[in-house]
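As you go down the protein sequences, you meet chains A and B in turn.
For what it's worth, the working numbering labels the leading residue of the first sequence as 1, then goes sequentially.
For what it's worth, the working numbering labels the leading residue of the second sequence as 1001, then goes sequentially.
Honestly, the hints are just simulated from the structure, not real lab data.
Even for Gly, the Cβ is constructed at its ideal location relative to N, Cα and C.
Treat the hints loosely; a few may be bogus.
[To be verified] Coverage of chain A stretches by chain B, computed from C-beta distances (three or more under 8 Å per stretch; other residues unrestricted):
(1) 67-80
(2) 212-225
[What the hints assert, rightly or not] Taking CB as the label site, the calculated pair distances span:
(3) A:Ser137 with B:Leu1066: 55 to 61 Å
(4) A:Ile51 with B:Ala1251: 52 to 58 Å
(5) B:Asp1248 with A:Ala159: 23 to 29 Å
(6) A:Ala3 with B:Ala1171: 51 to 57 Å
(7) B:Leu1066 with A:Pro107: 53 to 59 Å
(8) A:Asp201 with B:Asp1248: 54 to 60 Å
(9) A:Gln5 with B:Arg1015: 45 to 51 Å
(10) A:Ser109 with B:Ala1251: 17 to 23 Å
[Stated by the list, open to error] Examples of chain A residues toward chain B, derived with CB under 8 Å:
(11) Glu50
(12) Ser54
(13) Asp87
(14) Pro102
(15) Gln152
(16) Ala183
(17) Leu184
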Amino acid sequence: MIAAQGIVVTTGRRRLVDVVSIAVRPGQVTAVLGPNGSGKSTLLKVLAGEIAPSGGSVSLDGRPLAAWRRADLARRRAVLPQHGAIDFPLTAGEVVALGRSPWSGRPESLDDADAVAHARERLDLGPLWDQLYPTLSGGERQRVQLGRALAQLWVRRPAAPRYLLLDEPTSALDIAHQLEVLALARELAGKGIGVLAVLHDLNQALTAADGFVLLARGQIVEAGAIADGPTAAALQAVYHVPVEFVRRADGRRAALV
Amino acid sequence: MTAIALARRWRRLDRVLLLPLLGAMLATAALLAVGLGAVAIPPDQALAALLGREVDERVAGIVLQLRLPRAVLAICAGAALGVAGAALQGLLRNPLADPVLIGVSGGAAFGAVAAIVVGHKLATLLPPEALRWLVPAAAFAGALAAVTGVMRLGGAREGSGPGALILAGIAISALASAGIGAFIFMADDRQLRDFIFWNMGSVAGASWQGLAVAAPLIALATGAMLAAARPLDAILLGEREAGHLGFDVPAVRRRVIAAVALAVGAGVAFTGMIAFVGLIVPHLVRLVAGAGHRLLLPASALLGAALLLLADCAARTVVAPAELPIGLVTSALGTPFFMALIVRRRSALG
Chain A
1 MIAAQGIVVT TGRRRLVDVV SIAVRPGQVT AVLGPNGSGK STLLKVLAGE
51 IAPSGGSVSL DGRPLAAWRR ADLARRRAVL PQHGAIDFPL TAGEVVALGR
101 SPWSGRPESL DDADAVAHAR ERLDLGPLWD QLYPTLSGGE RQRVQLGRAL
151 AQLWVRRPAA PRYLLLDEPT SALDIAHQLE VLALARELAG KGIGVLAVLH
201 DLNQALTAAD GFVLLARGQI VEAGAIADGP TAAALQAVYH VPVEFVRRAD
251 GRRAALV
Chain B
1001 MTAIALARRW RRLDRVLLLP LLGAMLATAA LLAVGLGAVA IPPDQALAAL
1051 LGREVDERVA GIVLQLRLPR AVLAICAGAA LGVAGAALQG LLRNPLADPV
1101 LIGVSGGAAF GAVAAIVVGH KLATLLPPEA LRWLVPAAAF AGALAAVTGV
1151 MRLGGAREGS GPGALILAGI AISALASAGI GAFIFMADDR QLRDFIFWNM
1201 GSVAGASWQG LAVAAPLIAL ATGAMLAAAR PLDAILLGER EAGHLGFDVP
1251 AVRRRVIAAV ALAVGAGVAF TGMIAFVGLI VPHLVRLVAG AGHRLLLPAS
1301 ALLGAALLLL ADCAARTVVA PAELPIGLVT SALGTPFFMA LIVRRRSALG
């Protein structure tokens, strides 16, 4: 479990994250929701160990994040930031293969080819494989980066829990690929991986998540199981728009805004 | 055609062949370089002299004592500039980066001009042997000092990103040029002329003693850059991404910049300023080899060495018996290439 307790992040006088506790459990998809500037991405950076919080603590499987060696951490959890540009002629395949970096020099690197092939198959990256990353569309890049994270986490015999942190993984995707990524998140959770996803689309969270955290102005407004929330009242308080729910055939809720 | 489209077309060209091909190109250029000159020496004789076989004593003297050290210096300096440019472009994630950006050149020039101006006053105090080392030593020290300043200002903190580093490089370079201005103000005509020629670069001053210092430093620094190939690949994805892949990005940055300073500083100390090799060579290599550093770095070293050697051949022959400064040749060839690069980049990547 990745557990964050009482996280506070301040820049200057502003509190970007204001006493937030959250857990990413193996086998579950946790959605982080909230309006722009509510501290979602900052919280993800704290959970990824990218920024040290000014208050509170983060641990992965009981060990404080700061006590982990970077390379060990990279073999246990992958992070997909909102993608940056690459100005160099790397192919999509090369980008995916870079996901195997943390395994280099270890026996598991024998599985590199299998891991990369798996990512290529699973995300249907074959047609993009030899194309140069800078020439790909935003959505294609997002899928290639997801492939990289998949290759990074792939192990032949899972022993310890693994985690995947996604920052708006569907933002540049068309509807079909959005659903595919959400299905992938569920599939990974089914394999015991703990997934945390910052999502903008409430319905994506309602479709794919097990649990949720709703943030506003750096604080938790509501959190819990996706069956129980977020409630219409909480959403209305945060987004200032009326929200209605309908029940779908699979029993999950869908939101009408 | 954009650089990227070109790269796609060529990337299938067997990458396995690239390093042997570049090696052969370098060897050919070396034979040409020791053969060319006032006394033309045919390749077979040059080769025989290089291999220590029996040849005319005069030929052996010209090859081994005059032209070979000069060729080796061009090879060392060219390799240093090529590999350092490639490593720095990857590290800063900026294909237009050049060792100039992190203050190496400004610092070296400041050291050189200081030594040229002050050295004159030391002429009576120091033995002539020590005097010869004054300019290279000061240029090298200046390069390292400038880069240390840049790292202190904008470098090693986590998450500070390449932007802070480049700004620090600009600041330190500006400081260096103020210092250079002060020394130029104090310089007499001869010192001024010496500095101007230093600034345009030359491998004419090559000596085995100088190479005994420069070559090991450059080899060491090149080794350090080659060893950073994997983290540099990851940094192409972004510094955050490289961190999440388990690399200690600030440590990689410190190591690579120290290696760049060492390699370029050691080269420039003995050759003076040579522009554009560090910028252009990695681009040429990427067209064929792609952006992966395991191939890019050694190939850039080989191509840099070959190009500088050929540039020196041109510098020696174009206006023979006089000689052009080699930096003039590389700038003359490099500037149009750089302009083309800017235009292509604008159209290719927006």
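Here is what the structure says about each hint:
Given as covered by chain B, the region 67-80 of chain A passes the check, having 8 residues with a CB less than 8 Å from a CB of that chain where 3 are the minimum. Evaluation of the coverage hint for the region 212-225 of chain A: breached, as 0 residues show C-beta separations to chain B shorter than 8 Å, against a requirement of three. Between serine 137 of chain A and leucine 1066 of chain B the beta carbon distance is about 58 Å. The supplied range of 55 to 61 Å therefore holds. At about 18 Å, the CB distance of isoleucine 51 of chain A to alanine 1251 of chain B disagrees with the hint of 52 to 58 Å.
Under the hint 23 to 29 Å, the C-beta atoms of aspartate 1248 of chain B and alanine 159 of chain A, about 25 Å apart, fit the expected range. With their beta carbons about 43 Å apart, alanine 3 of chain A and alanine 1171 of chain B fall outside the hinted range of 51 to 57 Å. At roughly 55 Å, the beta-carbon separation of leucine 1066 of chain B and proline 107 of chain A lies within the given 53 to 59 Å, and the hint holds. A hinted range of 54 to 60 Å for the beta carbons of aspartate 201 of chain A and aspartate 1248 of chain B is inconsistent with their spacing of about 36 Å.
Between glutamine 5 of chain A and arginine 1015 of chain B the Cβ separation comes to about 50 Å, which falls inside the hinted range of 45 to 51 Å. Between serine 109 of chain A and alanine 1251 of chain B the beta carbons are some 22 Å apart, a value that agrees with the proposed interval 17 to 23 Å. This hint holds: glutamate 50 of chain A has a C-beta 6 Å from the nearest C-beta of chain B, less than the 8 Å allowed. A least Cβ separation of about 15 Å between serine 54 of chain A and chain B goes past the 8 Å threshold, and the interface hint is therefore violated.
For aspartate 87 of chain A, the shortest C-beta to C-beta distance to chain B is roughly 5 Å, which falls under 8 Å, so the interface hint holds. Contact between proline 102 of chain A and chain B, as hinted, is supported at the beta carbon level, the nearest pair being about 4 Å apart and thus within 8 Å. With its C-beta approaching chain B no nearer than about 7 Å, glutamine 152 of chain A sits inside the 8 Å limit, and its interface hint holds. This hint is violated: alanine 183 of chain A has a C-beta 24 Å from the nearest C-beta of chain B, more than the 8 Å allowed.
For leucine 184 of chain A, the interface hint is violated, the least distance from its beta-carbon to any beta-carbon of chain B being 19 Å, above 8 Å.
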